[in-house]
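Student: Residues per chain are reported as follows:
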Amino acid sequence: MGQRTPLYEQHLALGARIVDFGGWDMPLHYGSQVEEHHQVRRDCGVFDVSHMTVVDVHGPEARAWLQRLLANDVAHLETPGKALYSVMLNERGGVIDDLIVYLADFGYRLVLNAASRLRDLAWMKEQSAGHAVELRERRDLAMLAIQGPQARVRTGELVSAPRAALIHELRPFEGLAEGDWFVARTGYTGEDGLEIMLPVAQAPDFFSDLVGAGIAPSGLGARDTLRLEAGLNLHGQDMDENVSPLAANLGWTIAWDPAGRDFIGRTAVEEQRRAGGQPKLVGLLLEERGVLRTGQVVRVEGVGEGAITSGSFSPTLGKSIALARVPAATGERAEVEIRGRWLPVRVVRPNFVRHGKALI
Amino acid sequence: MSNIPADLRYTASHEWARLEADGTVTVGISDHAQEALGDVVFVELPEVGKQLAAEQEAGVVESVKAASDIYAPIAGEVIAVNEALTDSPELVNSDPYGSWFFKLKPSAAGDLDKLLDAAGYEAACSAEA
Numbered sequence: 001m002g003q004r005t006p007l008y009e010q011h012l013a014l015g016a017r018i019v020d021f022g023g024w025d026m027p028l029h030y031g032s033q034v035e036e037h038h039q040v041r042r043d044c045g046v047f048d049v050s051h052m053t054v055v056d057v058h059g060p061e062a063r064a065w066l067q068r069l070l071a072n073d074v075a076h077l078e079t080p081g082k083a084l085y086s087v088m089l090n091e092r093g094g095v096i097d098d099l100i101v102y103l104a105d106f107g108y109r110l111v112l113n114a115a116s117r118l119r120d121l122a123w124m125k126e127q128s129a130g131h132a133v134e135l136r137e138r139r140d141l142a143m144l145a146i147q148g149p150q151a152r153v154r155t156g157e158l159v160s161a162p163r164a165a166l167i168h169e170l171r172p173f174e175g176l177a178e179g180d181w182f183v184a185r186t187g188y189t190g191e192d193g194l195e196i197m198l199p200v201a202q203a204p205d206f207f208s209d210l211v212g213a214g215i216a217p218s219g220l221g222a223r224d225t226l227r228l229e230a231g232l233n234l235h236g237q238d239m240d241e242n243v244s245p246l247a248a249n250l251g252w253t254i255a256w257d258p259a260g261r262d263f264i265g266r267t268a269v270e271e272q273r274r275a276g277g278q279p280k281l282v283g284l285l286l287e288e289r290g291v292l293r294t295g296q297v298v299r300v301e302g303v304g305e306g307a308i309t310s311g312s313f314s315p316t317l318g319k320s321i322a323l324a325r326v327p328a329a330t331g332e333r334a335e336v337e338i339r340g341r342w343l344p345v346r347v348v349r350p351n352f353v354r355h356g357k358a359l360i
Numbered sequence: 001m002s003n004i005p006a007d008l009r010y011t012a013s014h015e016w017a018r019l020e021a022d023g024t025v026t027v028g029i030s031d032h033a034q035e036a037l038g039d040v041v042f043v044e045l046p047e048v049g050k051q052l053a054a055e056q057e058a059g060v061v062e063s064v065k066a067a068s069d070i071y072a073p074i075a076g077e078v079i080a081v082n083e084a085l086t087d088s089p090e091l092v093n094s095d096p097y098g099s100w101f102f103k104l105k106p107s108a109a110g111d112l113d114k115l116l117d118a119a120g121y122e123a124a125c126s127a128e129a
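Just so you know, the protein sequences line up as chains A and B, in that order. Be aware that the first sequence starts at 1, since it is given in UniProt numbering, and climbs by one per residue. Be aware that the second sequence starts at 1, since it is given in UniProt numbering, and climbs by one per residue.
Keep in mind that the hints were calculated from the coordinates and are not lab data. This structure is a prediction, so every number in the text was calculated from the model and none was measured. Ideal Cβ placement from N, Cα and C applies to all residues, glycine included. The reader is advised that the hints may include incorrect statements.
To be verified - Calculated cross-link-like contacts (lysine to aspartate or glutamate; reagent style EDC-like; alpha-carbon spacing at most 20 Å): (1) B:103 to B:44; (2) A:125 to A:262; (3) B:65 to A:43; (4) B:105 to B:83; (5) B:65 to A:178; (6) B:105 to B:20; (7) A:357 to A:25; (8) B:65 to A:20; (9) A:82 to A:157; (10) A:82 to A:105; (11) B:103 to B:55; (12) B:65 to B:117; (13) B:65 to B:111; (14) B:65 to A:262; (15) B:65 to A:35; (16) B:65 to A:337; (17) B:50 to B:69; (18) B:65 to B:44.
To be verified - What follows is a set of in silico ranges between Cβ atoms, one per label pair, in the way DEER data are often shown: (19) B:57 to A:354: 34 to 42 Å; (20) A:341 to B:48: 16 to 24 Å; (21) A:240 to B:127: 32 to 40 Å; (22) B:57 to A:137: 48 to 56 Å; (23) B:24 to A:208: 47 to 55 Å; (24) B:6 to A:303: 54 to 62 Å; (25) B:7 to A:208: 36 to 44 Å; (26) A:200 to B:48: 37 to 45 Å; (27) A:43 to B:95: 24 to 32 Å.
What the hints assert, rightly or not - Partial list, computed: chain B residues near chain A (C-beta under 7 Å): (28) 42; (29) 45; (30) 64; (31) 87.
Construct all of the structure, not just a fragment, from the sequences and the given hints.
Tutor: And the structure:
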């Protein structure tokens with residue numbers, strides 16, 4: 001038995017197929033993950049993401065410490081409500097995890113992946129030694145992601161007036177506290193939507209309200225195909241501690257200026273950038289019938305080989321898509337070996353679907 | 001608990017087989033199989049006219065989760081395939097016993113009796129879980 005979120009019994013009652021995800025018993029789907037995927041693209045769905053790690057950073061040195069801990073620069077967060085995506089690197093420039101950091105009135109709130117929780121917490125604790133910061137993991141909070149073009153409107157109808165007003169006013173990639181809730185306009189699907197953190201005791205009722213209003217409960221299966229279509233990396237698959245952000249399509253998240261900001265891993269990634277030749281993370285589109293799978297070999301004629309880091313079926317495109325790490329010189333075509341046959345694939349920007357629309 | 005109709009025969013690899021009045025045999029995959037696979041997104045069917053041995057690979061079913069081979073439950077010649085599954089593979093999920101993959105003309109009458117009956121298949125599924 002794995003760890004369970006406060007909504008576990010509700011998932012069972014809704015007919016969820018439960019799978020292990022990073023030590024957690026989580027819903028894979030509630031019948032059809034493809035149908036849940038379509039619901040999110042067309043209307044909205046709700047995901048239990050209470051397994052994710054929430055850490056609040058308090059203390060007078062919180063900002064300076066995060067400027068060292070993270071490759072992106074929290075100085076970009078000028079007023080409470082702003083959020084920033086960043087990677088957290090080791091000294092070798094490998095990605096320990098990726099996260100969202102919010103500037104809150106008490107300090108900063110970090111939301112990290114569930115699967116790398118212990119490693120993240122140990123690393124942050126180790127790095128906090130000698131700094132006037134206090135790390136508080138918020139296991140008292142549950143988190144729901146309500147995602148899709150109708151997510152904000154539909155959710156706004158089910159909450160108190162001040163919360164509805166906040167949901168209406170939030171701009172993309174902002175998050176603010178309202179009472180004991182924290183409401184953010186963020187997500188992992190390529191659609192508009194919300195991520196709401198709230199006390200564990202309130203989560204079952206709120207989840208019931210959302211599902212009762214006809215918002216489709218959606219599992220990790222749909223979450224994975226949605227994020228893959230949106231070209232969003234999954235830590236542990238598309239990058240890990242042995243992969244540079246430069247080889248994971250995440251160079252844009254590194255704040256190189258000011259040059260004097262000595263974030264962990266800076267020396268290593270600067271050297272990687274100078275040396276060049278890092279492989280690149282690209283999108284693949286299979287035009288033939290079949291499904292690209294994680295781990296399959298990618299062959300680029302005259303260039304070399306790479307591998308699929310995340311492969312699946314795209315319900316929106318009706319074709320198989322993948323993220324793959326390939327040599328830097330890879331052009332527009334490659335081949336993937338599927339069940340003993342080499343099939344041609346198109347190499348594309350890893351951004352297949354946004355806001356319900358196919359981009360390729 | 002998955003649905004296991006009593007009037008069909010089954011294989012341990014989760015195909016179902018139905019003897020038709022004209023002596024031909026219709027083949028599909030079980031409710032248990034479609035549930036384990038998750039959403040089916042592609043189906044690869046055998047060629048009509050192909051001679052299959054018992055337990056020979058006859059096609060492929062690809063779901064969001066994995067690709068699985070489909071095997072011929074008994075020896076025979078493929079006399080028809082269900083083209084509707086090419087366009088609507090999700091029918092395998094919604095109606096596994098209506099969504100046949102192919103029809104065989106058996107090489108030998110009586111081969112079907114060697115397959116599992118519903119009780120035997122249910123036992124095989126329980127043993128797997």
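Student: Assuming the hint says 48 to 56 Å, is it satisfied by the Cβ distance from residue 57 of chain B to residue 137 of chain A or not?
Tutor: holds, 51 Å
Student: Taking 7 Å as the limit, does the beta-carbon of residue 64 of chain B come near enough to a beta-carbon in chain A?
Tutor: Holds - the Cβ of residue 64 of chain B comes within 7 Å of chain A, reaching about 5 Å at its closest.
Student: Does the Cβ-Cβ separation between residue 57 of chain B and residue 354 of chain A fall within 34 to 42 Å?
Tutor: Since residue 57 of chain B and residue 354 of chain A have Cβ atoms about 39 Å apart, the given range 34 to 42 Å holds.
Student: Given the hinted pair residue 357 of chain A and residue 25 of chain A, is their alpha-carbon gap at most 20 Å?
Tutor: violated, 32 Å
Student: Would the hint on residue 45 of chain B stand, with a C-beta cut-off of 7 Å toward chain A?
Tutor: At about 11 Å, which exceeds the 7 Å cut-off, the nearest Cβ of chain A leaves the hint on residue 45 of chain B violated.
Student: What's the verdict on residue 50 of chain B and residue 69 of chain B, does the C-alpha distance respect the 20 Å limit or exceed it?
Tutor: Status holds; Cα separation ~16 Å.
Student: Taking the beta carbons of residue 24 of chain B and residue 208 of chain A, is their distance inside 47 to 55 Å?
Tutor: holds, 51 Å
Student: Would the hint linking residue 82 of chain A and residue 157 of chain A be met if the CA-CA limit is 20 Å?
Tutor: Roughly 24 Å separates the two Cα atoms, so the pair is violated.
Student: Does the alpha-carbon distance linking residue 125 of chain A and residue 262 of chain A stay inside the 20 Å limit?
Tutor: holds, 19 Å
Student: Tell me if the straight-line CA distance from residue 65 of chain B to residue 44 of chain B falls inside 20 Å.
Tutor: holds, 16 Å
Student: Sort out whether residue 55 of chain B lies within 20 Å of residue 103 of chain B, counting only the CA atoms.
Tutor: holds, 15 Å
Student: Using the beta carbons of residue 341 of chain A and residue 48 of chain B, state whether their distance is inside 16 to 24 Å or not.
Tutor: Given about 22 Å between the Cβ atoms, the range holds.
Of the numbered hints listed earlier, those contradicted by the structure are 3, 5, 7, 9, 12, 13, 14, 26, 29 and 31.
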